[in-house]
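Colleague: Below, each chain spelled out in residue letters.
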Amino acid sequence: MDACLLPADTGPWRDVASPVGDPDGQLVEAARRGDREAFGALVERHQRRVFNLARALTNGCDDEAEDLAQEVFIRAFRGIRRFRGESAFTTWLHRIVVNTFRSRQSRRSLWARRLRLDGDVVDTLDLEDARSAGTVDVEDQFARRDAIDRALAGLPPDLRMAVTLRDIEGLEYREIAEVTGVPIGTVESRIFRGRQRLRVALAPLMGPKS
Amino acid sequence: MSCGEIDRLIVREAEDRLGADERARLEAHLARCAACRAELEAQRAVRRLLRSRGAAPVPAGFEERLRARLEGLGGVWGLPALAWRRYTIGVAPVAAALVMLVVLSLSGTPSGASSLWEETTASGAPASAIVWESDLSDEEMFVALLRARSDETLQEFFQKQGQ
Numbered sequence: 067m068d069a070c071l072l073p074a075d076t077g078p079w080r081d082v083a084s085p086v087g088d089p090d091g092q093l094v095e096a097a098r099r100g101d102r103e104a105f106g107a108l109v110e111r112h113q114r115r116v117f118n119l120a121r122a123l124t125n126g127c128d129d130e131a132e133d134l135a136q137e138v139f140i141r142a143f144r145g146i147r148r149f150r151g152e153s154a155f156t157t158w159l160h161r162i163v164v165n166t167f168r169s170r171q172s173r174r175s176l177w178a179r180r181l182r183l184d185g186d187v188v189d190t191l192d193l194e195d196a197r198s199a200g201t202v203d204v205e206d207q208f209a210r211r212d213a214i215d216r217a218l219a220g221l222p223p224d225l226r227m228a229v230t231l232r233d234i235e236g237l238e239y240r241e242i243a244e245v246t247g248v249p250i251g252t253v254e255s256r257i258f259r260g261r262q263r264l265r266v267a268l269a270p271l272m273g274p275k276s
Numbered sequence: 589m590s591c592g593e594i595d596r597l598i599v600r601e602a603e604d605r606l607g608a609d610e611r612a613r614l615e616a617h618l619a620r621c622a623a624c625r626a627e628l629e630a631q632r633a634v635r636r637l638l639r640s641r642g643a644a645p646v647p648a649g650f651e652e653r654l655r656a657r658l659e660g661l662g663g664v665w666g667l668p669a670l671a672w673r674r675y676t677i678g679v680a681p682v683a684a685a686l687v688m689l690v691v692l693s694l695s696g697t698p699s700g701a702s703s704l705w706e707e708t709t710a711s712g713a714p715a716s717a718i719v720w721e722s723d724l725s726d727e728e729m730f731v732a733l734l735r736a737r738s739d740e741t742l743q744e745f746f747q748k749q750g751q
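In order, the protein sequence lines correspond to chains A and B.
Be aware that the first sequence starts at 67, since it is given in the numbering used here, and climbs by one per residue.
Be aware that the second sequence starts at 589, since it is given in the numbering used here, and climbs by one per residue.
Bear in mind the hints are in silico, worked out from the structure with no lab data behind them.
Keep in mind that a hint or two might mislead.
Listed next, the stretches of chain A that the computed footprint assigns to chain B, with coverage defined by at least 3 CB atoms under 8 Å from CB atoms of chain B [stated by the list, open to error]: (1) 113-123; (2) 132-143; (3) 146-152; (4) 207-214; (5) 258-268.
Cβ-Cβ distance ranges computed for the label pairs, FRET-style [to be verified]: (6) B:604 <-> A:107: 34 to 42 Å; (7) A:172 <-> B:636: 31 to 39 Å; (8) A:101 <-> B:612: 50 to 58 Å; (9) B:629 <-> A:103: 46 to 54 Å; (10) B:652 <-> A:251: 40 to 48 Å; (11) B:639 <-> A:173: 27 to 35 Å; (12) A:100 <-> B:639: 16 to 24 Å; (13) A:148 <-> B:625: 45 to 53 Å; (14) A:173 <-> B:623: 19 to 27 Å.
Chain B is nowhere near these chain A residues, computed Cβ spacing over 12 Å in every case [what the hints assert, rightly or not]: (15) 129; (16) 217; (17) 241.
Just so it is clear, the structure is predicted and the values come from calculations on it, not from any experiment.
From the three backbone atoms N, C-alpha and C, an ideal C-beta is built for every residue, glycine too.
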């Protein structure tokens, strides 16, 4: 397994945060002892969070989002024995999402660089500008969500991750800095630039004033 | 204060995270900069929209498919998944020795002891140094790798073998 995809706080259990402070503490402790039902309960509790985060990161595509979400839970399953509890379980899970997403992006970029079109090497298939939301029925919740996810897909990965973790997942800046491994100032900068780019792509959804 | 320095204050103000001093500095800048006023409103609008996204339902069967994949991790060649690492740590050195044996056989390494071998054993080099002694015979290397402990020297190892 790719050990580098596990967050740094994996190691001997220290009983620091769980089970009292962390609402997932008791389930995590049982899962660490090999209780698969406990891990299943953790999946049930967090699957919607992880799936939606994955969906916002992967162009609103359900298939790709499920693939990413499942990979996250598989890595969590394999690594939970080494989770030390120094952070909340959700923080640890968010880190796995970040690391797994980055890993997939790296593989995708590497593959893209090997593609040759008419003899030219393509550096990246990522779009530089957020894709426009186009014509959207703003009253339709599903259509609006799809349009938002498409717009997010057009952001560079780091900006997309920061904006998604803040405005969709609702994480605090300190936690975003922790799970992405960058200073809070960098998080703020990425969120600012990400929202700036989204302003254009999401204009059809925001009304005439924007 | 330049517009570039205002960006972080705008991000914080868009989320009502500014302290009193920072808000005063921002308001003084906004009073004379229409572009930044517009940017602040845009940041707020984008954030409001993103927060209205709502959660997509998890696809039907997600848990079942995940469970099937997790159960498929039950082991490699029947070994429990969590024990796999322990087995690979134990098996890897022997596998490496076998590979080296094949390579040396194909390269025609001469048999018999050498002066380099004698120097190595006399120097007290650890048993793990065996793998780097290319003048060893195939048999000597294979036996040494299988029997040697990482914490004993070559001298100790061969003394045990009665050599």
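Colleague: For this structure, which hints from the list above don't hold up?
Modeller: 3, 12, 14, 15, 16
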